[in-house]
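K.L.:
Those protein sequence lines, which keep their order, are chains A and B.
Each residue of the first sequence is one higher than the one before, counting from 1 in the working numbering.
Each residue of the second sequence is one higher than the one before, counting from 311 in the working numbering.
Hints are computed from structural coordinates only; laboratory data are not their basis.
A virtual CB, placed ideally from N, CA and C, is assigned to each residue, including glycine.
A couple of the hints might just be wrong.
From the derived model, a few chain A residues whose C-beta atoms are all more than 12 Å from chain B [what the hints assert, rightly or not]:
hint	residue
1	G33
2	L155
3	L299
4	E307
With a straight-line Cα cutoff of 30 Å, these simulated DSBU-like cross-link-like pairs (lysine-lysine) come out [as the list claims (entries may be wrong)]:
hint	chain 1	residue 1	chain 2	residue 2
5	A	K109	B	K616
6	A	K109	B	K391
7	B	K524	A	K109
8	A	K109	B	K387
9	B	K609	A	K109
10	B	K526	A	K109
11	B	K452	A	K109
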Amino acid sequence: METIAFALLNGLIYGLLLFMLSSGLTLIFSMMGVLNFAHASFYMLGAYFAFTLGNFTGFWVALFLAPILVGLAGAAVERWGLRPVHANGHVAELLFTFGLAYVIEEIVKITWGKVAVPYQVPSALDFPLFELFGSQYPAYRIFMLLISILMLVGLWYLLKRTRIGLIIQAALTHPHMVSHLGHNVPRIFMLVFAAGCALAGLAGVIGGNYLVTEPSMAFAIGPIVFVVVVVGGMGSLEGAFIASLLIGFLQTFAISIDANFADFFGWLGLQATSEVGRITIASLAPMLPFLLLVLMLMLRPRGLMGEREF
Amino acid sequence: MNGTTVKSAIVAALFALVAGPALAVDTLKIAYIDPLSGAFGNVGDAGLKHFRYAAELINADGGAGGLTVEIVPFDNKTNPKESLVQLQKAIDQGIRIIAQGNGSSVANALTDAVNKHNKRNPGEEVIFLNYAAVDPALTNDKCNFWHFRFDANVDMKMAGMTDWLAEQPDIKSVYILGQDYSFGKAVSAAAQSMITEKRPDIEIVGNELHPIGKVKDFTPYVQKIMGAGADAVITGNWGTDMTLLIKAAADAGHEVPYLTYYGGGLGTPTAMGAAGVDKVKQITEFHENIETTPEQIAKMDAFEAKHPDVDYYYQRVFTTMGMLDKAADEVGGGDVVAIAMALEGMTFETPYGTVEMRADDHQLIQPLFISTFTDDVTRDVEGTGFGFKTDVEIPAAATATPTTCKMRRPS
Chain A
1 METIAFALLN GLIYGLLLFM LSSGLTLIFS MMGVLNFAHA SFYMLGAYFA
51 FTLGNFTGFW VALFLAPILV GLAGAAVERW GLRPVHANGH VAELLFTFGL
101 AYVIEEIVKI TWGKVAVPYQ VPSALDFPLF ELFGSQYPAY RIFMLLISIL
151 MLVGLWYLLK RTRIGLIIQA ALTHPHMVSH LGHNVPRIFM LVFAAGCALA
201 GLAGVIGGNY LVTEPSMAFA IGPIVFVVVV VGGMGSLEGA FIASLLIGFL
251 QTFAISIDAN FADFFGWLGL QATSEVGRIT IASLAPMLPF LLLVLMLMLR
301 PRGLMGEREF
Chain B
311 MNGTTVKSAI VAALFALVAG PALAVDTLKI AYIDPLSGAF GNVGDAGLKH
361 FRYAAELINA DGGAGGLTVE IVPFDNKTNP KESLVQLQKA IDQGIRIIAQ
411 GNGSSVANAL TDAVNKHNKR NPGEEVIFLN YAAVDPALTN DKCNFWHFRF
461 DANVDMKMAG MTDWLAEQPD IKSVYILGQD YSFGKAVSAA AQSMITEKRP
511 DIEIVGNELH PIGKVKDFTP YVQKIMGAGA DAVITGNWGT DMTLLIKAAA
561 DAGHEVPYLT YYGGGLGTPT AMGAAGVDKV KQITEFHENI ETTPEQIAKM
611 DAFEAKHPDV DYYYQRVFTT MGMLDKAADE VGGGDVVAIA MALEGMTFET
661 PYGTVEMRAD DHQLIQPLFI STFTDDVTRD VEGTGFGFKT DVEIPAAATA
711 TPTTCKMRRP S
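Chain B on its own, in the form it takes in the complex (with noise of 0.2 Å):
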C-alpha cells in the first residue's frame, strides 16, 4: 500500500465515523448522562443497566415507533459542571433524548442548559427525562416543557411519610437527619413543615445536615439522637450515608422507626444486614414484594439472571422507557417535540397500577407504597435473605401534591 492510499484510506474512515451518527436514522439514541465512575459509580452503573434491559426489551418488541432504541452513556462523575460538558457531547452526536437520574444539583443544571439550548436552537430541541432527582423545584419554580420526572419527588413522599406518622400515637418526638445538600434540605424542610400541620404534638428534637459521602462513624450522631430522645428518626440518605447510619444505630440499640427513602437502595441491604429489620422503612414507588403479575415476576428474574450482581431496583426506568415508546409508537417516529405533546398528559398501565405524566408540571403520578425491611418475604433483596414488605399503599391520586409550575410550550 503506497502513502496515498494510506492517506485516501484514512480520509475515507473519518468520513465513515462523522457521517455514521447522521446516517443511522433508523435508531433512537437515548444519552445516559449519569455518573459511571467515583464514589455514586456503582449507582450509576446499576441504572444503565436497568436502561438498557428495558431498550432491549422495547427493540425485541419493534422497537419505539418503528426505531431501535440505543442507550449512549456518557459518565458525567455526579458533577453539574462535567453533566453539561457531557450534554453538550451528546447534542453534537446528534442524540436529541438525555436521562438522568443522580443528584438533584446535576438535574438543576442540565434543565437550565436543555432549556437554553432549545431556545436558542428550534428545530433541533432535546427533552430531558429525569428517572431520580427529586428536589422539588423541578417541577415547581424551575420547571419546564422539556423536562419530564418519573419518580415521585420530596413533598409528594414526605406527604405520605407524614400521613403515615399522624396514625402513629406513640411517635411524640422525631429528629430529622440529612445529607448537606438540596435534596438533604428539601427533605428537612418538607419535614418541618408537614410534621407541624398534620401533628403539631409532635416535637422535632432535632434537625442536622450532615456533610454528604465524608462521615464515616456515625455513632456520634446516633448517641447525639438518642440523647435527644427521638422516638423516630426521618432520613433522606442514600449510598453509605443511608448504610453506615443505620448500622451505627443498630449497634447501639437504638429501637426506633427510621423512615428512609432510600433504605432499599442499590448496596445498603447488603450493609445493614440484620441489623436493618423490623426498623427500617422505606417511601418508593417500587419494592420486589408488591404484589403483581406474573410477567412482571418473570421479569425481574430475567433482569437479575442476566445482571447477577445488581437487583431489579429501578422500576421507574422501565416506566420511563415504556411512556417513551408509547409516545414514539403515537408519533410514529423519533421527532422530539411530538414525543414531548404526546407524554404531556399520557396515562400508562405499569404492573402496580396506573400512573400519569401530569401536563400542569410534567411530574409523574404514580402509586406509592411504604414497607418495611424484614425477614418475612418472598423475594429477598441482594441475596441477604431480607427484603421489603408493604404497610401502606398509598393510591396515585392521594400522592399528587399542588405544583406552581407554569411553563411556556413551544407554540
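The shape of chain A in the complex, shown without the other chains (with noise of 0.2 Å):
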C-alpha cells in the first residue's frame, strides 16, 4: 500500500515536470516539422539563470524572471538562428540544433564552471510537509506538483480558450492559410519557440535545485523527452500529457517492485540463480522508455495520439 502511495506521488511529479519539457517541444515539432536537439539546453539555461538571478533577487523572483530570460533566449535563437537556416531545409535545421546544444554546454561550462552549483532548494520550502508511512514528504515536491498543475492549467487555457491560441493552432496545421488572413506567421512560430522554451527554462527553475544543476544536465534527460514526445505523437500535446505521466509511473513503479525475472518466470522454470533469472525489475527502470519508444515505432508508428507518420 504505501509502496503504491509513493510511487504514485513520484511518479506523477517526475511525470508532470517531464511534461512541462516535452510539451513546448512537441509544439515546436508540429510547427517546424523538426526535433529541437537543443530543448533539453533551455531548461539546463533555466537552471543556471534561476541559480544565478537568485543570489541577487531570491529564488521568487528569479521563479519568474529566468524562464522569461530563457524564452528571450529561445526567440533570439528562433529569429537569427533557425530562420535563416530554415531555407536549407529539415536537416540543417536539426544540424544547427544539434550544435547548439553542444555551444549552450560549452557556454555554461565557461561562465559557471564544470561541476555542480549550489543551487539549493529555497530555505522557506525546506521542509517536510507531511509524514506517510514513516517517510517524510518533501514540501518543495508539492510545490513542484503546484507549479506543474498551473502551468498545465495555463496552457490548456491559453491554447484552447484565447484567440491568439486559436491563430497557432491553425498556423501549426494550415500555415500558408493563416499567413493569407493577414497574420504574421514567423512571429507566430518565434512566439512558439519562445515559449516552449520558456517552459523548458521553467521546468529548469523548479527541477534544477531539486536534481543537480551541472553541465551534464541537459544530455541526461533530454533523450527523455524525446521518448516522451515520440511515444505521445509527434506535434500531440495530449499525447505528450499521457505519455509523460506513463513514463514517470513506469519507472518509479519498475524501481519500487522488489523481484526479479525468475519470481515472474518461475512457472517456465528460471531459477533465481540463473543469469537472466537474477535480473531484477529495478534494474530495468531506465531501460523502460526506450523500450516503449521502440515497441512503439514498431506497433503504432504515429504514437498514442499522434496524427501524422514519420
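Using the hints, put the two standalone chains together into the complex.
P.N.:
Below, the structure is given as C-alpha cells:
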C-alpha cells in the first residue's frame, strides 16, 4: 500500500516535470517539423539562470524572471539562428539545433564551471510537509506539483480558450492559410518557440535545485524527453501529457517493485540463480522508456495520439 | 617568398615537430589519460590540476632525477576503447609513464595493454601509475609488474568500514546500494562476505545495483531502503549518483548512517549541503582536517588559492608524484624499468604517515581514515561551511589485505 502511494506521488511529479519539457518540444515540432535537439539545453539554462538570479533577487523573483530570460534567448535563437537556416531544409535545421546543444553546454561550462553549482531549494520550502507511513514528504515536491498543474491549466487555457491559441493551432496545421488571412506567421513561430523554451526554462528552475544543476544535466534528460514526444505522438500535446505521466509512473513503479525475473517467469522453469533469473525489475527502470519507444515505433509509428506518420 | 622557400620552410617546420619530442631529453613526460569531457569531465579536470601542481612543486625543487616533469593530458572520455587509442598516441610521442584513475573498467583495459606492449617492445617499456581505480582484481588476479596502485582498493576500504561496523551494536541490518559495473559489484561482494564474517548477526536487508549515471531521482530507492528497515546504508556511489542519493535520503528524513567511499568527492559536498551532516561517513586516505604539518596546510592553501574552483582532494596524486620523484632521483634519470624496480617495496613519508609500495602486488599500503561530514571543522570543503572530521584512524599495517598476485618481473 505505502509502495503504491509513494510511487503514484513520485511518478506524478516526475511525469509533470517531463511534460513541462516535452510540451514545448512537441509544439515546436508540429510547427517546424524539426526535433529541437537543443531543447533540454534551455532546461539547463533555466536552472543556471535561476541559480545566478537567485543570488541577487532570491528564489521567488528568479522563478518568474529566469523562464522569461530563457524565453528571450529562445526567441533570439529562432529569429537569428533557425529562421535563416530554415531555407536550407530540415536536415540543416536539425544539425543546427544539434550544434547549438553543444555550444550551450560549452558556454555553461565556461561561465559556471564544470562542477555542479550550489543551487538549493529555497529555505521557505525546505521542510517536511507531512509524514506518510513513517517517511517524510518534502514540501518542495508538492510545490513542484502545484507549479506543474498551474502551468498545465494555463497552457490549456491559452491554447483552447483564447484567440491567440486559436491562431497558433491554425498556424500549426495550415500556415499558408493563416498567413493569407493577414497574420504574421514567422512571428507566431518565434512566439511559440520562445514559449516552448520558457516552459523548458521553468522546468529547469524548479527541477534544477531538486536534482543537480551541472553541465551534463541537459544531455541526461534530453533522450527521455524525445521518448515522451515520440510515444505521445509527434506534435500532440495530449499525447505528450499521457506519455509523460506514463513514463513517470513506469519508472518509479519499476524501481519500487522488489522482484526479479525468476519471480515472474518461475513457472517457465527460470531459476533465481541463473543469469537471466537474477535480473531485477528495478534494474530495468532506465531502459523501460526506450523499450517503450522502440515498441511504439514498431507497432504504432504515429504514437499514442499523433496524427502523422514519419 | 617564392614557392620553394615556402615548401622548405614547411618541411623544416614538420621536421622540427617530429624531432621535437625526441630531442627534449631533459624532460620526464607523464601521459595523463582520464576524462576531460563528458559526464565525468569535471573529475578528470580536477585530477589534472592536482598532477600539474605536483609537477610544478617537483620542478621547483630540481626536478625528478634531474629531469623537468611535464604532464601531457589525453582525453579518454571514461571509455576503455578510447583509452587504448590515447595510450598508443602517448607511446608514439615517446612517453613512457602513464597515469590514470577514473573507472576500474578503463584501468583494467590499460593494464592489459601496457603489459602486452612491454612484452612486445623490450627496451621501450611503459609503466602505469594508477591513482584511483580500486577494483581489487588490478592487484590480484590481473596484476602485473608495470602497474602501481596508489589508492587503497575496495577490499581494504571495506575491511576498515566493516571493522567500524562491528563495533556498532545498534546497527542490526544494512542495505547495500551500488552502481552497476565492476566497481559497484566489487563493493557489494566485499560488503557481503566481510559482514557475514565479522558480524553474522547483521542482516543484509537489501543488495541492489542501479544503472550508473542514469538515475535522476533516488527517492524510490530511498523509500525502498526505508521500507526494508535498514539501520545503515553501504554505498560505493560517486559523482551525481552519490549526490542525488544523499539528497533524496535527507528529504525523506532517513536518519541512518550512510557509509560511503566517495562522500567527499568533487562536487558532492556542494550538492548535499546540510542534508549530509552527521549522516555521511567516508573511508579515505585523506581529508582536509586530518592533523598534519604546517607545510602541508600551506600547500593546501596555495593549491586552493591557485584553483579557486577545485578543492585540494587528491592527496594520493602528490604521493604518486612524490614516489616517482624519489625513484627517479635514486636511479638518476628517466629509465622506467629502473624506476619501476625502485618503486617496488619503496617506503615514503607523507604528511599523514609512512606509506609502502608492497612489492608482492604493487598495492600502496597507507593509513586510512573514517570521517563524518559535519559543520564542526576548521577546514571546510567547497566553501560549504561543512567538512569532514576523523572518527577512526586505521594504521597502514592494519589495512593490508592478502593478495593472490604472482607477477613476473623483468630479468
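K.L.:
Verify that the Cβ of L155/A lies farther than 12 Å from every Cβ atom of chain B, and report whether the claim holds or is violated.
P.N.:
Given a closest Cβ separation of 23 Å, the condition holds.
K.L.:
Could you grab the alpha-carbon distance between K109/A and K387/B and see if it respects the 30 Å cut-off?
P.N.:
Given that 30 Å is the threshold and the Cα spacing comes to 16 Å, the pair holds.
K.L.:
Taking 30 Å as the top limit, are the C-alpha atoms of K452/B and K109/A close enough?
P.N.:
violated, 38 Å
K.L.:
Take a quick look at whether K109/A and K616/B sit within 30 Å of each other, Cα to Cα.
P.N.:
Measuring from Cα to Cα gives roughly 19 Å; hence the hint holds.
K.L.:
For G33/A, is the shortest CB-to-CB distance to chain B above 12 Å, so the non-interface label stands?
P.N.:
holds, 29 Å
K.L.:
Please work out if K109/A and K391/B have their alpha carbons no farther apart than 30 Å.
P.N.:
holds, 26 Å
K.L.:
Need the status of pair K609/B, K109/A: alpha-carbon distance at most 30 Å?
P.N.:
holds, 27 Å
K.L.:
Would the non-interface assignment of L299/A survive a Cβ cutoff of 12 Å against chain B?
P.N.:
Non-interface label stands for L299/A: nearest chain B Cβ at 25 Å, farther than 12 Å.
K.L.:
Verify the proposed pairing of K526/B with K109/A, using a straight-line Cα cut of 30 Å.
P.N.:
holds, 20 Å
K.L.:
Holds or violated: are the alpha carbons of K524/B and K109/A at most 30 Å from each other?
P.N.:
Holds: K524/B and K109/A sit about 21 Å apart, inside 30 Å.
K.L.:
For E307/A, which was marked as not at the interface, is the minimum beta-carbon distance to chain B over 12 Å?
P.N.:
holds, 31 Å
In summary, the structure is inconsistent with hint 11 from the numbered list given earlier, while agreeing with all the others.
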